[in-house]
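Protein chains in written order, with my numbering: chain A, 28 to 128; chain B, 28 to 128; chain C, 28 to 128; chain D, 28 to 128.
There are no misleading hints in this set.
Examples of chain D residues lying across from chain B (beta carbon under 7 angstroms, computed): (1) Ile35; (2) Ile37; (3) Gly38; (4) Gly40; (5) Pro41; (6) Arg94; (7) Val96.
Non-contacting residues of chain C with respect to chain A, defined by C-beta distances greater than 10 angstroms in every case (computed): (8) Arg45; (9) Lys52; (10) Tyr61; (11) Val77; (12) Lys82; (13) Lys107; (14) Asn109; (15) Glu112; (16) Glu119.
In case anyone wonders, no lab produced these hints; they're calculated from the structure.
All C-beta atoms, glycine included, are put in the ideal place defined by N, C-alpha and C.
4 protein chains.
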Amino acid sequence: MLVQFSIIPIGKGPSLSRDVAQVLKIVDKSGLKYKINPMGTVVEGKWDEVMHLIKSCHRSVLKNNERIVTTISIDDRKHKKNRIEEKILSVEKRLNKSLCK
Amino acid sequence: MLVQFSIIPIGKGPSLSRDVAQVLKIVDKSGLKYKINPMGTVVEGKWDEVMHLIKSCHRSVLKNNERIVTTISIDDRKHKKNRIEEKILSVEKRLNKSLCK
Amino acid sequence: MLVQFSIIPIGKGPSLSRDVAQVLKIVDKSGLKYKINPMGTVVEGKWDEVMHLIKSCHRSVLKNNERIVTTISIDDRKHKKNRIEEKILSVEKRLNKSLCK
Amino acid sequence: MLVQFSIIPIGKGPSLSRDVAQVLKIVDKSGLKYKINPMGTVVEGKWDEVMHLIKSCHRSVLKNNERIVTTISIDDRKHKKNRIEEKILSVEKRLNKSLCK
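Based on the provided sequences and hints, a complete structural model is requested.
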């Protein structure tokens, strides 16, 4: 399944890049395929491996913060693999042009 | 922690009440405190018990659908309990009136 | 359409009840039907009236904060009215019991 | 402000790429800066221009569907521009490596 998540610490200053960097180190070590975008991180994997990863990230940010808000969106489609690449490719085919920029 | 989730089957007809009813039976059996609202279900519990519940609900809906989108929002605040009741009460105190209707 | 929204100020202390109370005063004055829950506010109305309301709430919280995150979920179904009441009722009929608590 | 949105038609088949392609044509014509990712589209602009765009996309998909769910996440930070590029760059600086892949 394809999962986007973001973790927002509340009650610190307005810059979150240190917490985001900490999360991305954990994501990178997980071995799961991932892509980052300006609003969150998209990972692909099975329920248990993805949720184990997000729990580790959530716990890690909670250590340094009194309150955090974590948002998770799951797109689960049977019999489809490598959707982290394929979803955009199938739209590009329809538009007949590359969307990567 | 306080968690809202919703599960949307894609590719069925526009009425989702049967799938929602199926999910609520599972939530009710879990023993966790919960409240439903027109856009989702809010539950309170620890990470593992809440995620175990959402996984069961997700799997149950996926059985009858080829594709589903599940959205999860987590509000985790240290040293606070019974937030499913207290969050609204603390706002009501500030407004000096009841918001239940 | 049915719309849930929540506004999270980042970079203040962990208590958000003052900002939430401020938002609810604006929602209450709008005249739109609404329900609050522990994770957000659900309102019902047409696109322009709902978005005008959320813009007012967003602007009001941004005045006192350097950074805020606002999340909006829209469930738009043709030919259906009073869904803020009816959605839960249609699930209750299937379950054959009241879910209000 | 930085805004991610996604529009999900309910009640069609499981493939959404045609609706996504239709949305991206509208986004591309808007002239706003945007990036697509496997879970949504991120645009940058002022409240009115971004919401005008999302309303057009929502209306366009609703024409061919009886029910749709649109999700919008707004990250609004004062005195910051070109965040669609800068947010990732500021994390890359901390990690001392490029995250684009």
